[in-house]
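Once you know that position 3 of the sequence shown is 3 in the UniProt record's numbering, the rest is easy, because the numbers rise by one and skip nothing.
Rather than coming from a laboratory, the hints here were simulated on the basis of the structure.
Treat the hints with caution; some may be incorrect.
[What the hints assert, rightly or not] Dumping the calculated DSSO-like pairs for lysine-lysine here, alpha-carbon to alpha-carbon at most 27 Å: (1) Lys202 with Lys66; (2) Lys202 with Lys233; (3) Lys131 with Lys230; (4) Lys216 with Lys77; (5) Lys147 with Lys100; (6) Lys66 with Lys217.
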Amino acid sequence: MDDLTENALAISDDEDIRLTMVFGFILTLVSIFCNTLWFLSHFAIFLIHYFIVLLILLCVVSKFIKLNSISFESIQKVFIPNGYPLSYLGSVFDVPENSKASFEYSCSHNCPRIFFSLDMTECGQLVVLDKQTLEKANIHTPINKTKFDEIKNLNISDSHPLGKQFGYQKILTLDALLKILEPLNVVVILNATRTGSSFIEKLKQTISTHDPMFTKKIIFCCRSPIVVYKLRKLFPNLMCAIWIDNLSSWRNNKRIFKLLTILRSIHDVLLRNLIGPIIGISLVFVHKDEFNTHISELWQNCGVIPIVYFVNSPSEKRYYQNVIKTRYLTSSLRSEPQIIFNNNKI
1 MDDLTENALA ISDDEDIRLT MVFGFILTLV SIFCNTLWFL SHFAIFLIHY
51 FIVLLILLCV VSKFIKLNSI SFESIQKVFI PNGYPLSYLG SVFDVPENSK
101 ASFEYSCSHN CPRIFFSLDM TECGQLVVLD KQTLEKANIH TPINKTKFDE
151 IKNLNISDSH PLGKQFGYQK ILTLDALLKI LEPLNVVVIL NATRTGSSFI
201 EKLKQTISTH DPMFTKKIIF CCRSPIVVYK LRKLFPNLMC AIWIDNLSSW
251 RNNKRIFKLL TILRSIHDVL LRNLIGPIIG ISLVFVHKDE FNTHISELWQ
301 NCGVIPIVYF VNSPSEKRYY QNVIKTRYLT SSLRSEPQII FNNNKI
């Protein structure tokens with residue numbers, strides 16, 4: 001009996017020890033968790049304080065570096081008389097893109113607001129050209145690695161489904177486009193696909209040569225606020241736009257997409273309320289999947305006209321015309337509701 005009692009006591013002591021160890025381990029975990037929360041909360045408070053200080057400093061500095069914006073009324077005058085559509089690459093679905101024919105086609109369809117691509121060749125020639133044009137012609141060398149003499153005789157119509165209707169269409173240089181523009185009441189949005197220092201210097205020279213006609217006929221667009229700031233600092237009358245890339249390509253990866261959505265919200269707030277007013281943008285291009293009436297109001301309250309891309313179906317166009325009342329970038333002018341309605345009427 002004594003042995004049994006001793007064994008029972010020993011087992012009881014072992015269980016007490018195990019319980020004590022488990023309890024101590026749990027307390028240690030709780031302590032670590034609480035200390036971690038304490039550290040993170042204080043670190044967050046520290047970051048918030050410095051972030052607020054940084055924002056205040058940015059606001060103060062922005063008063064000294066802020067560029068004069070073009071008035072909202074002046075921006076509206078460019079767009080109000082000519083309806084809602086802007087033709088993308090000169091209506092790329094209907095006509096060979098970035099060509100003289102696309103320019104004439106857009107004007108003949110009462111759309112004198114045309115969106116073209118701008119790039120620079122290896123030899124420093126500014127060209128109205130998109131990389132997809134070369135890729136369709138089986139030229140896969142980047143534009144900035146291609147000499148203009150190698151592509152100046154390229155027929156853009158050869159790689160377009162409807163190209164035979166428009167004959168030979170060569171690649172336009174920026175100088176050639178400006179000569180076409182000079183006598184016409186047309187505004188071209190030039191989207192810079194390159195933002196390197198050599199490109200910017202060449203563009204500055206071109207603007208200086210053709211100003212003030214350039215600033216009256218051209219709206220400069222790119223993805224970089226820094227480039228916009230540099231150009232508008234030298235040419236205050238130059239109307240500029242920012243192109244905001246869409247996030248739809250990340251939808252399959254939900255975690256990354258959620259993170260990018262949060263970052264995009266922060267980016268848009270800073271662009272609307274801080275960066276935009278500093279650099280003095282006039283337009284912003286937003287993808288249709290990320291646009292609604294609230295976004296439209298936010299941009300217009302900041303004195304910026306939002307333009308939606310890419311809107312191509314007649315039903316979408318009716319929605320943006322009649323409901324949201326916002327201008328849009330379209331790849332086809334044949335699908336305009338007014339044209340379809342008139343044709344059905346006939």
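Hint-by-hint comparison with the structure:
1. Between Lys202 and Lys66 the alpha-carbon distance is near 25 Å, which keeps this suggested pair within the 27 Å criterion.
2. Taking the CA atoms of Lys202 and Lys233, the gap is about 16 Å. The hint holds against a cut of 27 Å.
3. Restraint check: the Cα-Cα separation between Lys131 and Lys230 comes to about 25 Å, which is no more than 27 Å; the hinted pair holds.
4. Taking the CA atoms of Lys216 and Lys77, the gap is about 12 Å. The hint holds against a cut of 27 Å.
5. Using a Cα cut-off of 27 Å, the hinted pair Lys147 and Lys100 holds, with the two alpha carbons roughly 21 Å apart.
6. For the suggested pair Lys66 and Lys217, the alpha carbons sit about 24 Å apart, so the restraint of at most 27 Å is met.
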